[in-house]
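Peer 1: Below are the chains, spelled out letter by letter.
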Amino acid sequence: MTERSSLLSLSRRRLLITTSVAAAAALVATTGFNPAQAADSPREGGDITFLIDSLGDTWIPNNSAISSFQGHIWGHVTDKLLYVDADGKVTPWLAERWEQNDKATEFTLHLKSGVTFSDGAPLDATAVVANLDIWYAGRKAEGINPIGLFPKTYDRAEAVDASTVKVFFKKPTLGFIPTLGYHGSILISPKSIAQPASEQADLSKTSGSGPYVVESWKEGDHVTLVKRKDYNWGPAAVGHTGPAFLDTITYKLVSEPSLRVASVQSGQADVAYNASPQELKSLKEEGFGISTPRYLGFVNGWAVNTTLAPYDDVKVRQALQAGIDRQEIIDTVYTPDWKLPTSFIQSNVPGATDQSALLAYDPAKAEKLLDEAGWSKGANGLRTKDGKPLEITLHSNPYLATSKSVDELIAQQLGKLGWKVNIRAYDVVTYGEKVKYAGPAVPTYEVTRSFIDAGTVASILTNANNGENWFGLGESDAKLNDLRDKIAGAASLDERNPLLDELQHYILEQGYFVPRTQIVQRIYVQSPTLKGEVYNGVAYASYYTAFIAD
Amino acid sequence: MSFVTTSVISGSRSRAWLSAFRVPPTVAISFLVVAIVIAWSLAPGLFTQYSPVVGIPADKLLGPNLNHWFGTDHLGRDVYARVVYGTASSVSSALVAVVIGVVAGGLVGLLAGFFGGWLDIVLARLVDVLLAIPKFLLAVIVVTAIGFETINAAIATGVSAVAIFARVTRAEVIKTRQATFVEAAFLSGGSRSFILWRHILPNASRSVLPLAVLQFGESILVIASLAFLGYGDPPPASDWGLLISIGKDYLKWPWLVYAPAFITILTVLSVNRISRWLRKTD
Amino acid sequence: MSNAYLTYAAKRLGQAVVVILLAYVFTFVVVSILPGDPITSVLRNPQNGFSEEEIAEIIAAQGLDKPIAVQLWNSLSGFLTGDLGVSMRSGRPVSTLIAEVLPSTLILASTGLAVAIILAMAVAYGTQFVPKRYGQGLLRGFPSLFLSVPNFVIGLVLIHVFGFQIGLFRVINPDSFWATLFAAIALGIPVSAQIAEVLIANLDREAEQEYAAVARSRGIGRARLFATHLLKPASLPVVTVVALTIGELLGGSLITETVFGRTGIGSLVQRSVSTQDLPVLQAVVSLGAVVFVIVNLIADLLYPLLDPRVKILGGKKRTPTTADEVSINTTKAVAS
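Protein chains in written order, with our numbering: chain A, 1 to 550; chain B, 1001 to 1282; chain C, 2001 to 2336.
Keep in mind that a hint or two might mislead.
Selected chain C positions facing chain A (Cβ under 8 Å, derived; list incomplete) [to be verified]: (1) Val2025; (2) Leu2043; (3) Ile2058; (4) Asp2083; (5) Ile2159; (6) Arg2218; (7) Arg2222; (8) Pro2233; (9) Gly2261; (10) Ser2267; (11) Ser2274; (12) Leu2287.
FYI, nobody ran anything at the bench for these hints, they're computed from the structure.
From the three backbone atoms N, C-alpha and C, an ideal C-beta is built for every residue, glycine too.
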């Protein structure tokens, strides 16, 4: 359950003023150019090519919206009801304003008028109801999945009039509003939604209301987007609401990272996605734009399985926490663009607090803790207890390209302390089958996960209320349960933030979560002439505001 | 250093050996290469002082120099050491592939050729099926089915080679069976198993041997190709194919690709040369 | 056309059909061992946040748990009626997916084959003209070298030299003329080795034949002897060898397409393997077998018509067909 966002307590009028100010500030902060200059310098026209490692699997909107790859295309072809910026600030978009009842079981959304889908259908209350329904339920028998993070407490939605939607929940659901800005919540034309799954899988048959429409696409090859000239409903937060500047954006699949970068370097393309971090330094020196936006979410790190010996021992977990040299990871695998973790959630998430002291590299402390826990170092440098070696198996996360390198480096660091480290690297499918939170033979699960609101964090850590039981604790840790319940019941941010701080301290101090680095899951290398792109809360680049400078 | 001394010793030895047996110089060099590769796989520690797993992160991505003949990788590990230590896995997986191909294929071919009749027809069709599926595609499908690991890649490669060995063995068996001395053995009342063991198998194996040696080289390449596509062991394994596959992500530092690629090519070339020589001296 | 030929043709046709059907069943069995499937893997993407119960519910709703035999029957009857099913990964018909990428692979494979044949002929015929002193041995070593270089290494080198250094083609436009040609070179080089081996072996054998010796004794020049006497008989078996390399071309396209970023059958397989998309894999492997069998059938049926020296030995048991014979010659030639 999510906590009330600070915005909700503001009046409507103040809200709009605050957001436009925030929007301008965000624009300056994220793009780094002078707004006065920006007002007249964006040049109309131009085409860009964005090189991407994959175009994901299916294009059925519900099944693909959260894909790390397809999200780029959906971000340009569709709009959302709300906008979430890189700092987690929620601002109006197609929903101009909203209200809720006291129990947070009924919400009223007031829609912007005059918005249309690219197939001509109006984006009105009926269309929003159709979207809410399919997000919640999907059409499972047909292979259309529900949106995973959409509140399960959804009851129904009604179109009150053309621009007003009333949404009913079975239980209080404060998380509803932030969810509308999540990358899964993309608005699709009702005509497209009504199509059978096999038609929805054809991207060119799906219509959104975004600033671009699909001109052509070929599976596993490219998607070309062309500007929609009558678009006039961009999010105020990005400082521009009219049609986009660039005429076309082509997403082209090039699976080798080094070839993507070399193509941008040789002027054959404009943006290379997911470059190897090692190449960034020299690219920056050559004048290429490098962006390593951090999404709102968990840092890259391990959820430790407390059901598996010896990780049921707090001292061993704490030794793990102290035995990892996070600075060396950044120096070796990454670049200074990556940040040391300060907690188990990214430092840009509202509510994150600085727990760096708990994450300091202290091999002497780690060795001492292991000695105390009864793991003694043998002649070969490995620690044993009752004849059993101190062992850990790392499962490299297939969703993060650098995961294997980090695992190898950590294996060396832990090796010095006497740990025997095995590395397993499964493909995405096998990983999904075999590696689960607190799964058997999975001592640590490597987390790469974004979220919209820090209030949702506490509830997924245990197994209460459909939680994911990350540490295998179930209901056994009274303090964690207590914090979880208090956070869920908090009435304001002032009440919630100290609780969140306590939660972060407790989880790290117990060694339940072992952070590695703050996560950058999306790396962009772009040509020096391309300017003005904006990164949202899930670190997707939007070229809606981008232009080619002379 | 140790590398140089060893090569000098084995070099002079093989030169003496070569003059005694009239081995062409290219074949001698090939044997030398193979000998070094075998030595690397048996005792990698003798050839390098560096660890293939633990590197010095501060020394990452150094170019080839006197201390690091093949440079260092993205974690500061000596690439030469990684190549040397990766040899055992590359060589043994190729061996596994050949053994599977020779044993399974040889058995099928032997049975089909020796007994003939309906057994031959059935086995021949099965071999046709295996032959009809593109070899590399077959290997990819099999490795997907049994899991992405080097040993599974080796098994997949072996399976994809079964058909060719079955065919060659069958043809050789038929040829030998029809030869006068075998007919004579039948006439003089030799038992089937005796004739199979004593006459047919040795004859068939003579032409299978060069093919097996050739297949060894090809298996190294196929397993490397599978590793290139990502169907290999997890880190810190350093099979040659894996090294090339990892290196391709760092093309700015080309030695990461070219050093292991060079060793792979040299090894396969040597093996092919030996196979050709075996064929000629047969 | 003789009766023996028709009997032979009918027999080969029957064999081809049996082989295709068996290949389909074989692939189905292997592919059904695959542990996962793309639908579950999409559901398990951590960003989705589905719980295990929810995943099980969605899977059950789609009825993905029928017995293997039923699935095989459905799949095989679909295949026989031309219905290849629906991709589990993308939700689109498999036939559409294949139709989309087939042209690109056909262009690549045929260019690759052309490169391979030209290269093989250049090398093989070169061995007949280049004297021993001036590098004939080197030329003879070429096929061996071609067989020793992994084609992904050739591809990486070509891309870097001609794509980035010289700038002949753009990596992001892999279907352009130059990009296709260089991809074809990477694909064709290992294939050319096999053709060259057979050609060289045949040329050497023909050159040792009595008629060649007679011709030489009558004072016919090297070039004329080659052109009028050796070329045709030595080159004819290549028809069959080329047919056998079809599988090599299809398999090699998997790597070449990945390296050059082409969208073809190879990259489709690559994507389907990584998500374990069974219907697509099944269809592609079966189609590969169909192509291989048909091409070889044509080659076998053409061969006796092209080369009158080949006699059809119908009826006699255990006599290898031409395909058997030549395939053994190929592997032997490659081994020699």
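Peer 1: Answer holds if the nearest beta-carbon of chain A is closer than 8 Å to that of arginine 2222(C); otherwise answer violated.
Peer 2: violated (47 Å)
Peer 1: Does the interface hint hold: is isoleucine 2058(C) within less than 8 Å of chain A, judged Cβ to Cβ?
Peer 2: holds (5 Å)
Peer 1: Does the nearest C-beta of chain A fall within a distance shorter than 8 Å of the C-beta of aspartate 2083(C)?
Peer 2: violated (13 Å)
Peer 1: Closer than 8 Å between Cβ atoms is the bar; does serine 2267(C) clear it against chain A? Give me holds or violated.
Peer 2: Result: holds, 6 Å to nearest chain A Cβ.
Peer 1: Is the shortest C-beta separation between glycine 2261(C) and chain A less than 8 Å?
Peer 2: Given a least distance of 5 Å, the restraint on glycine 2261(C) holds.
Peer 1: Going by Cβ atoms only, is leucine 2043(C) closer than 8 Å to chain A?
Peer 2: OK, holds: leucine 2043(C) within 8 Å of chain A, min 7 Å.
Peer 1: Is the hint on proline 2233(C) kept, meaning its closest Cβ partner in chain A is under 8 Å away?
Peer 2: Result: violated, 45 Å to nearest chain A Cβ.
Peer 1: Does isoleucine 2159(C) pass the interface check with chain A, least Cβ-Cβ distance below 8 Å?
Peer 2: holds (7 Å)
Peer 1: Hint check: is the beta carbon of arginine 2218(C) less than 8 Å from a beta carbon of chain A?
Peer 2: violated (59 Å)
Peer 1: Does the interface hint hold: is valine 2025(C) within less than 8 Å of chain A, judged Cβ to Cβ?
Peer 2: violated (24 Å)
Peer 1: Holds or violated: is there a CB of chain A closer than 8 Å to the CB of leucine 2287(C)?
Peer 2: violated (17 Å)
Peer 1: Once the shortest beta carbon distance from serine 2274(C) to chain A is found, is it less than 8 Å?
Peer 2: Result: holds, 6 Å to nearest chain A Cβ.
The structure fails to meet hints 1, 4, 6, 7, 8 and 12 from the earlier list, while all remaining hints are met.
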